[in-house]
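Put together the whole structure using the sequences plus the hints.
Its first residue numbered 0, the sequence shown is counted upward by one per residue in numbering that gives the first Met the number 0.
None of these hints come from the bench; they were simulated from the model. We treat Cβ as the ideally placed atom computed from N, Cα and C, and that holds for glycine. Errors might be hidden in some of the hints.
[Claimed, not checked] Restraint ranges, calculated between C-beta atoms of paired labels, are given here:
{"id": "1", "residue 1": "215", "residue 2": "20", "range": "23 to 29 Å"}
{"id": "2", "residue 1": "179", "residue 2": "82", "range": "16 to 22 Å"}
{"id": "3", "residue 1": "117", "residue 2": "189", "range": "37 to 43 Å"}
{"id": "4", "residue 1": "193", "residue 2": "79", "range": "40 to 46 Å"}
{"id": "5", "residue 1": "156", "residue 2": "181", "range": "28 to 34 Å"}
{"id": "6", "residue 1": "104", "residue 2": "219", "range": "34 to 40 Å"}
{"id": "7", "residue 1": "106", "residue 2": "143", "range": "20 to 26 Å"}
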Amino acid sequence: MSCAQPSERRYAIYYAPRPEHPLTAAAVHWLGRDAFGRVEVGGDARPEGEVLLTSEPRRYGFHATLKAPFRLREGASAEDLEEALGGFAASRPACPIGPLKIDLIDGFFALVPVSPIPALRGFAAQIVEEFDCFRAPMDGDELERRMSRQFDEVEMTNLVTWGYPYVLGRFRFHLTLTDRVPENGRAATRARLEERFGPYLSEDYHIDTLSLFVQEHRGADFAVRSQFALKTGAALTSVV
Numbered sequence: 000m001s002c003a004q005p006s007e008r009r010y011a012i013y014y015a016p017r018p019e020h021p022l023t024a025a026a027v028h029w030l031g032r033d034a035f036g037r038v039e040v041g042g043d044a045r046p047e048g049e050v051l052l053t054s055e056p057r058r059y060g061f062h063a064t065l066k067a068p069f070r071l072r073e074g075a076s077a078e079d080l081e082e083a084l085g086g087f088a089a090s091r092p093a094c095p096i097g098p099l100k101i102d103l104i105d106g107f108f109a110l111v112p113v114s115p116i117p118a119l120r121g122f123a124a125q126i127v128e129e130f131d132c133f134r135a136p137m138d139g140d141e142l143e144r145r146m147s148r149q150f151d152e153v154e155m156t157n158l159v160t161w162g163y164p165y166v167l168g169r170f171r172f173h174l175t176l177t178d179r180v181p182e183n184g185r186a187a188t189r190a191r192l193e194e195r196f197g198p199y200l201s202e203d204y205h206i207d208t209l210s211l212f213v214q215e216h217r218g219a220d221f222a223v224r225s226q227f228a229l230k231t232g233a234a235l236t237s238v239v
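Quick look at the structure:
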């Protein structure tokens with residue numbers, strides 16, 4: 000088996016609840032895949048006679064984006080990035096999220112905070128800026144793919160500067176659950192999501208871990224490489 004070329008491999012810094020958390024178990028069952036590398040399971044997101052609603056979130060794994068996927072710049076290594084992430088985690092306390100709710104964002108369903116949490120945006124901005132030194136500039140193909148969608152001036156500036164449009168003032172914390180759902184299927188999908196995730200939404204959540212995800216090559220699933228506890232920097236898991 001040939002290894003992926005380094006230029007193909009992408010990394011991302013995500014928030015993902017710990018693998019033993021009940022919310023993770025619910026998401027694994029819903030998406031049909033566990034990014035922590037445990038046994039594959041059959042997802043429950045395919046209504047009879049309808050196409051799978053979770054192809055994109057399944058590929059990326061259950062997460063909230065903090066630093067969007069990027070290739071490593073020349074001279075940087077995954078070990079360097081991992082060490083820096085552990086050090087960052089060791090220096091920061093957990094960031095509050097609060098209870099969650101199911102919401103529709105641009106046609107897809109996600110879990111979002113019930114109440115606005117200003118600290119979340121600042122925390123995410125720190126990660127975007129702190130780890131940008133590891134990011135290789137986007138090549139022409141990457142930029143072309145990104146620009147296939149329409150962005151406003153702020154989003155375009157973010158894309159060029161940080162490699163992702165939805166950062167800083169445009170950041171919105173969310174844990175994605177579905178692909179875009181047609182309008183005529185949204186009520187039924189929301190009802191199924193409420194049934195699946197309702198028991199876990201009232202917890203007072205915090206970003207208490209940071210996870211480094213890796214995608215070995217374009218089209219591959221993202222998997223957790225390592226996870227670090229906030230304030231301690233302790234490595235909680237090493238999967239890949």
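Problem set entry | Satisfaction of the hinted span 34 to 40 Å by the C-beta atoms belonging to residue 104 and residue 219 | Violated, since residue 104 and residue 219 (Cβ atoms, about 25 Å apart) do not stay within the stated range.
For this session: Given the hint of 16 to 22 Å, check if residue 179 and residue 82 actually sit that far apart at their C-beta atoms.
Result: 37 Å, violated
For this session: Given the hint of 23 to 29 Å, check if residue 215 and residue 20 actually sit that far apart at their C-beta atoms.
Result: 26 Å, holds
Exercise. Do residue 193 and residue 79 keep their Cβ atoms within the hinted range of 40 to 46 Å?
Worked result: With a Cβ separation near 43 Å, residue 193 and residue 79 satisfy 40 to 46 Å, so the hint holds.
Exercise. When you take the CB atoms of residue 106 and residue 143, is the distance between them in 20 to 26 Å?
Worked result: For residue 143 against residue 106, whose Cβ atoms are near 23 Å apart, the range 20 to 26 Å holds.
Exercise. Falls inside 28 to 34 Å, the C-beta gap from residue 156 to residue 181?
Worked result: The hint (28 to 34 Å, Cβ to Cβ) holds, given that residue 156 and residue 181 are roughly 32 Å apart.
For this session: Hint says 37 to 43 Å; check whether the CB-CB distance for residue 117 and residue 189 agrees.
Result: Distance hint for residue 117, residue 189 is violated at roughly 27 Å.
Going down the numbered hints, you'll see the structure goes against 2, 3 and 6, while the others check out.
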